[in-house]
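Modelling step: build the complete structure from the supplied sequences, incorporating the hints.
In case it helps, the numbering used here puts the sequence shown at residues -12 to 114.
Some clues are possibly wrong.
Computed cross-link-like contacts, DSBU-like style, restricted to lysine-lysine with a CA-CA straight-line distance of at most 35 Å [as the list claims (entries may be wrong)]:
no.: 1; residue 1: K112; residue 2: K31
no.: 2; residue 1: K16; residue 2: K111
no.: 3; residue 1: K112; residue 2: K11
no.: 4; residue 1: K16; residue 2: K69
no.: 5; residue 1: K69; residue 2: K112
no.: 6; residue 1: K9; residue 2: K114
no.: 7; residue 1: K114; residue 2: K104
no.: 8; residue 1: K72; residue 2: K111
no.: 9; residue 1: K18; residue 2: K69
no.: 10; residue 1: K16; residue 2: K112
no.: 11; residue 1: K31; residue 2: K111
no.: 12; residue 1: K31; residue 2: K11
no.: 13; residue 1: K31; residue 2: K72
no.: 14; residue 1: K18; residue 2: K104
no.: 15; residue 1: K111; residue 2: K9
no.: 16; residue 1: K111; residue 2: K69
no.: 17; residue 1: K112; residue 2: K72
no.: 18; residue 1: K16; residue 2: K114
no.: 19; residue 1: K114; residue 2: K72
Read the hints as simulated data drawn from the structure, not as lab findings.
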Amino acid sequence: MNQLLQEALLSTHHVQHAAIIKRKDGSVKAKSPLFELSPADYSKILMAFENPREVRTGEASISLMDVAYRAVRADNLSLYAKNDKSGIIVAKTHGHFILSTYDGTMFASVCAEAVEKLADYFRKKNK
-12 MNQLLQEALL STHHVQHAAI IKRKDGSVKA KSPLFELSPA DYSKILMAFE
38 NPREVRTGEA SISLMDVAYR AVRADNLSLY AKNDKSGIIV AKTHGHFILS
88 TYDGTMFASV CAEAVEKLAD YFRKKNK
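In structure tokens form, the structure reads like this:
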């Protein structure tokens, strides 16, 4: 799965960090170098998908690797959040979360397209 992560996300050069996380237990199936996911960060991502309206309108934030992000889009399948010029994009499939971050030198739209395309592939494969 690391090769899939590299080819689908990191090779765009608009993804800073990325991971494929198993929804059932939060285990990281593939990740980019230096990517870390704490149990607290995973819990906030789960909560965002369980209550997408609350994460969009409330004071709750999503954090990852000690950076707090504010949700700009959240629904049953995707979560987009920003912190100044950096951001996080998470897509939910049947069994996984596909997560990526981007920084201010990258295009958020390219990052989002790559994540959603990989998520669609996983959904078609029922993964």
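Structure-based check of all given hints:
1. Of the supplied pair hints, the one linking K112 and K31 holds, its CA atoms being roughly 27 Å apart against a limit of 35 Å.
2. A C-alpha spacing of about 19 Å is found between K16 and K111, which places the hinted pair at or below 35 Å, so the restraint holds.
3. For a cut-off of 35 Å, the pair hint linking K112 to K11 stands: about 17 Å separates their Cα positions.
4. Restraint check for K16 and K69: satisfied, since their Cα atoms lie roughly 25 Å apart, inside the 35 Å limit.
5. With a C-alpha separation of about 30 Å, the suggested pair K69 and K112 falls inside the 35 Å cut-off, and the hint holds.
6. Between the alpha carbons of K9 and K114 the distance comes to roughly 10 Å, so the proposed pair stays at or under 35 Å and holds.
7. Taking the CA atoms of K114 and K104, the gap is about 14 Å. The hint holds against a cut of 35 Å.
8. Of the supplied pair hints, the one linking K72 and K111 holds, its CA atoms being roughly 32 Å apart against a limit of 35 Å.
9. A distance of roughly 21 Å separates the Cα atoms of K18 and K69; the hinted pair therefore holds under the 35 Å criterion.
10. Taking the CA atoms of K16 and K112, the gap is near 16 Å; set against the 35 Å cutoff, the hint holds.
11. Under the criterion of a C-alpha separation no larger than 35 Å, the hint pairing K31 with K111 is consistent with the structure, at around 27 Å.
12. Taken as a hint, the K31 and K11 pair is honoured in the structure, with Cα atoms around 15 Å apart against an allowance of 35 Å.
13. A distance of roughly 21 Å separates the Cα atoms of K31 and K72; the hinted pair therefore holds under the 35 Å criterion.
14. Using a Cα cut-off of 35 Å, the hinted pair K18 and K104 holds, with the two alpha carbons roughly 17 Å apart.
15. In summary, the hint linking K111 to K9 is supported, as the alpha carbons are separated by about 17 Å, within the 35 Å threshold.
16. Restraint check for K111 and K69: the C-alpha separation of about 28 Å stays at or below 35 Å, so the hint holds.
17. Only pairs whose Cα atoms come within 35 Å are accepted, and K112 paired with K72 is accepted, the gap being roughly 33 Å.
18. For the suggested pair K16 and K114, the alpha carbons sit about 12 Å apart, so the restraint of at most 35 Å is met.
19. At most 35 Å may separate the alpha-carbon atoms for a hinted pair to count; K114 and K72 meet this at roughly 32 Å.
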